[in-house]
Amino acid sequence: MAVLTRTRLETPSVSTPPPSPRPALLSHLFLTFWALITTLPLVWAVLSSFKSDEEILTSPWSLPSSLRWENWARAWSEAHIGRYFLNSAIVVTGALTLTMLLGAMAAYILARYPFRGSRIIYYAFVGGMMFPVFLALVPLFFVVRNLGLLGTLPGLTLVYAAYSLPFTVFFLTAFFRTLPTTVAEAAMVDGCGHYRLFFQVMLPMARPGLVSVGIFNFLFQWNQYVLPIVLMQGEGAEKKWVLAQGLTALAVNEGYRGDFSGLFAGMTIAMLPVIAGYLLFHRQVQSGLAAGQLR
Amino acid sequence: MWGKRLFIAVFLIPPLLLYGLFVVSPYAQAFQISGTDWSGLSPSYEFIGLENFRRLLGDGYFWNALRHNGLLLLLLPVVTILLGLFFASMISVGGRADRVGVHGVRGSGFYRVVYFFPQVLSVAIIGVLWKEMYAPHTGMINGFLRAVGLDGLAMAWLGDPRFSFWCVLVVLIWMNVGFYVVLFSAAMQSIPRDLYEAALLDGASRVTTLVRITVPLVWDTIQVAWVYLAIIAIDGFAVVQIITDGGPSSSSDVVGLRLYKTAFADGQFGYASAIGVAMFFLTLTVAVMFLRVTRRDRVEL
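Residue numbers (the working numbering), protein chains in the order written: chain A, 1 to 295; chain B, 1001 to 1301.
No lab work stands behind these hints: they were computed from the structure. Virtual Cβ for every residue (Gly too), placed ideally from N, Cα, C. Among the hints, erroneous ones may be present.
[As the list claims (entries may be wrong)] So, partial list: chain B residues that the calculated Cβ filter (under 7 Å) puts toward chain A:
hint	residue
1	Y1019
2	Q1029
3	V1120
4	V1182
5	Q1189
6	I1191
Sequences are here, hints too, so could you generate the full structure?
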């Protein structure tokens, strides 16, 4: 660390470095290049969703000659993107509620009510973050099937919630520990019970932590791929497919039928709400996801 | 006292039940099933010890898939971290240097927001999007090559065993770089500016400051990034399954896809679980190894 320990040299103050506009320009050049690499595929998909199949086949790079919203309508109803969207929304709403409630309850106990064995329970939860989900796939399939929940939305909801618990408990336990104890003590003195203390005092105080972990869990659950394709198979399951699954099936089907514009429209419909939500809350999303990765 | 115990039980038992049923028990069962010859056709199976693992050692398809995961493990973290550090340092200290000091570039917030797009998109959307990007006639990549007169370079990217694996690698890099740019540039924000000013006064070049100041000071973050990219490299399932399905002729197969097909296409649940156990130990080994190799003394400021 020679550079770091070296004391600042006593340079004569006249020799200030000359202002150099070049690095900034060069930086912008490189940065813009990657910004284009990131966004062009997305823009291309949105533009293609308005084209006719003829236009897509003949010139992949041209602009659409008119805005063909009928592609979107076709993808939404005929290709069932609407149904898959609704299924995803139902599963994620239920799973997110369950995750946040059960995760906060467990974390609160583990953070604030030490008892014999509480460390073991804590490590049992946190240990779940270390195992690759692939290890569980085969037995999980049979656990869910034996419960009669294979190919059902409640089944997927429970599984999403269960696999979100390790990180949620880990994050919220740390968060509840940071909250001041004085407020809780004051409330107890005033005759507030354990349950009221949790729901009316601690949960509202933990809101910033709940929002971060909630965003992380939302993206984890909304973008899940391997769990639905394993658990939503079998006869009649395609009515219960979630968006990720429906979209990949659409890619295969429309490819055969040559309905490229319908496929791009389906992709755009799946993409836009998340991008819009991200643009609205980008600060929270970035910090929530960063906290999730730096566990 | 009893009220408190009841409260603890009421709050802990539901999450523990859910977690035990769907997470802990499958993980535990996986190890047990990996020691059986369960074929899925009948509910009965026999315990065959380590036979599945012996079979794994001689399975050419498994080794082929593992080789691809190994290549991803070498290339994905290195390329992603280098690109991430490069763009992050442009954002944080790539601006002009004047009497007042070293600046970030203008519009750094814009870059951070845009770079992050792939992170919020589902891996299914990314997979389908890139499958279409690579499409021989309708794809954007061949469209671009033809538009600039490089018709000879336009080809069936995913249909060619020479390219399919590299096509997958490109997608994995594309979808991950942005996140690490954001992560590294956040870490770089906490480096005191005067370190750079002192170095520049001493005549250090930008490259030197990156290597000698920035990298050592964000080393912790790089280490974490390495572990997470390694875990992504050991997986790779979704992108591969959607874009190439491991083909053509297993040229882009990965271990996760092997496991999935062995279990849910061939019904060999015992053998598939053995692949899962192998993946688990691989993940564990890699995580421990990287943490040891990359251990350095923390730089205290």
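Hint-by-hint comparison with the structure:
At a threshold of 7 Å, the smallest CB-CB gap from B:Y1019 to chain A is about 5 Å, leaving the interface hint in force. A least Cβ separation of about 4 Å between B:Q1029 and chain A falls short of the 7 Å threshold, and the interface hint therefore holds. Restraint check, B:V1120 versus chain A: the minimum CB separation of about 4 Å is within 7 Å; hint holds. Look at B:V1182: its Cβ gets to within about 6 Å of chain A, closer than 7 Å, so that hint holds up.
At about 12 Å, the closest approach between the beta carbon of B:Q1189 and any beta carbon in chain A exceeds 7 Å, and the interface hint on this residue is violated. Interface restraint check for B:I1191: the shortest CB-CB distance to chain A comes to about 11 Å, outside 7 Å, so the restraint is violated.
Hint check: violations occur at hints 5 and 6; the rest are consistent with the structure.
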